[in-house]
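Student: The listed protein sequences correspond, in order, to chains A and B. When you line the first sequence up against the numbering used here, it's residues 1 to 219, in that order. When you line the second sequence up against the numbering used here, it's residues 1 to 274, in that order.
These are calculated hints, taken from the structure and not from any lab test. Heads up, some of the hints might be wrong.
Stated by the list, open to error - Listed next, the in silico SDA-like pairs over lysine to any residue satisfying Cα-Cα at most 25 Å (straight line):
| no. | chain 1 | residue 1 | chain 2 | residue 2 |
| --- | --- | --- | --- | --- |
| 1 | B | 29 | A | 27 |
| 2 | B | 29 | A | 163 |
| 3 | B | 207 | B | 124 |
| 4 | A | 104 | B | 136 |
| 5 | B | 139 | A | 170 |
| 6 | B | 139 | A | 160 |
| 7 | B | 29 | A | 23 |
| 8 | B | 269 | B | 53 |
| 9 | A | 104 | A | 163 |
As the list claims (entries may be wrong) - Non-contacting residues of chain B with respect to chain A, defined by C-beta distances greater than 10 Å in every case (computed):
| no. | residue |
| --- | --- |
| 10 | 30 |
| 11 | 44 |
| 12 | 55 |
| 13 | 131 |
| 14 | 164 |
Claimed, not checked - Label-pair restraints from in silico Cβ distances:
| no. | chain 1 | residue 1 | chain 2 | residue 2 | range |
| --- | --- | --- | --- | --- | --- |
| 15 | B | 63 | A | 34 | 54 to 60 Å |
| 16 | B | 175 | A | 157 | 46 to 52 Å |
| 17 | A | 78 | B | 93 | 40 to 46 Å |
| 18 | A | 163 | B | 20 | 29 to 35 Å |
| 19 | B | 77 | A | 30 | 17 to 23 Å |
| 20 | B | 207 | A | 67 | 43 to 49 Å |
| 21 | A | 118 | B | 20 | 43 to 49 Å |
Using N, Cα and C, we set each Cβ at its ideal position, and we do this for glycine too.
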Amino acid sequence: MKKMNILSSKRSLIASGLMLITLLVINHFGHFKNINPLQPLSGFPRHIGHWYGETGRFDQKIYDILGVDDFFLCNYKSHDGKQIQLYIGYYNNQREGDLIHSPKNCMPGSGWNIIHTSIKELTVPGRDSGKTNIIKMILKKGNQKQVVLYWFQSRGRIISSEYRQKIYLVLDAILKHRTDGSFVRLIAPVVQTEAETTGYMGDFAQQLFPILEEYLPEA
Amino acid sequence: MGIKKIKTWLPIAILIICFAALYQHVIIKMVQDWLGDDNYGHGFMIPFITVYFIWQRKDDFSKLQVNPANTGIVILFSGLLILFVGTIGAELFMMRFSMLIVIYGLIIFLKGVEFGKITLAPVAYLIFMIPLPAIIWNKIAFPLKLFATKMAVNTIKLAQIPAYREGNIIHLSNTTLQVVDACSGMRSLVSLLALSAAFVLAAGYSKIKKLALFLSAVPIAILLNIARLSFTALLTQYFNPQIAQGFLHELSGIFVFIFAIPCLYFLHKLICKF
Chain A
1 MKKMNILSSK RSLIASGLML ITLLVINHFG HFKNINPLQP LSGFPRHIGH WYGETGRFDQ
61 KIYDILGVDD FFLCNYKSHD GKQIQLYIGY YNNQREGDLI HSPKNCMPGS GWNIIHTSIK
121 ELTVPGRDSG KTNIIKMILK KGNQKQVVLY WFQSRGRIIS SEYRQKIYLV LDAILKHRTD
181 GSFVRLIAPV VQTEAETTGY MGDFAQQLFP ILEEYLPEA
Chain B
1 MGIKKIKTWL PIAILIICFA ALYQHVIIKM VQDWLGDDNY GHGFMIPFIT VYFIWQRKDD
61 FSKLQVNPAN TGIVILFSGL LILFVGTIGA ELFMMRFSML IVIYGLIIFL KGVEFGKITL
121 APVAYLIFMI PLPAIIWNKI AFPLKLFATK MAVNTIKLAQ IPAYREGNII HLSNTTLQVV
181 DACSGMRSLV SLLALSAAFV LAAGYSKIKK LALFLSAVPI AILLNIARLS FTALLTQYFN
241 PQIAQGFLHE LSGIFVFIFA IPCLYFLHKL ICKF
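Okay, chain A solo, but in the shape it has when bound (with noise of 0.2 Å):
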């Protein structure tokens, strides 16, 4: 007689209901709208201000492993010789597998550690407050140096927390269907000093803003 109810089967069909339905939420919920950049990112200019690029293409492996629907890859010059790479890698919709990397992740994978990371605050025109945070890193190898300059914007918005832009993908996901979003990174490696380098890379960065504007969509 002790053995006959191992479980009320009353109480393991109501849990069994319970997941049922949490399945089918999922699966109804996991579709979202597939949005594309307002304009292909490959028409990107090459000429920002004083500033001549050259696209270039990372390893065919590494698009398969970030899984971007459409990218920019350019190495800018000015006229004396400084050096910024600029990545945008833009996704359609997010989804496991095809999500923003953040460089915490693959950086210290390819041998540049990183040793610091802060905010860094610059000026943009034409948004609400006029400031913006983005993220600064800098970045080691042997006694080789970069500093990284990276902020993700996504629906409308930009983000300077990988934290943040989890939460804001969750919340977009469930509230707006969308989960569109887009990785805007600089490199430059320092041949002064970090400062100075950190300096034209933020006024690069400022005049990108508007640029970028015509491409990523809003929220």
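With the hints as your guide, set chain B onto chain A.
Tutor: Below, chain B without anything else, positioned relative to chain A:
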């Protein structure tokens, strides 16, 4: 009698099928990670250890009254909510973690709080099968790597060998060694914590002692990793610059374990004495 048996087992079968259907995707992806990620090879063992610990206490279960509690449904529901949010946000860690909450909620909802108390630790142990998010992993692994490199260089200098450190690179007179991510000690730290937790679950002493033994995995893993790096550097210096690569590198990771297990056992004996 046959019908009664069906009546007992059918709901359980349905329950298992629903759970499997709900988590099918999550489980497959996690097993792929265990197979593909050297840092999480031990993931395979964890569910078995959990099952073992539950099985070990089967006598306690038979004494308990089945007394289903409705708090279970709250736990179950929050687990399902975490799964939903995790899936929408494509956050693997959340999706995987929700499995633990759902399992625990099911136990309490179906079997009762008393059962929940006994199974809490074994179910919580499943956390070790879930790979840490890369962003958190790197946050710990990088400082750990620098620290290990620094300490290894100090040890090498103690042995009267000239060495110079630059970031995570150790310069020796005849070669340079780069302390890569795999040598950070993070891998042995995670698997040693899983091991010490299993030790603790099996041990029968007070909570404070259990915590002490569990956490002792941290210094053990770090010290053994430093010893491993120093030893590799010594071998490189005296025998063969090629030694740091390949075979020995793979093997020295196992050495950490060969030393760690007696260390843990010794500590366990020591703690028992108090």
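Student: Flag every earlier hint the structure violates by its number, smallest first.
Tutor: Per hint list: zero violations.
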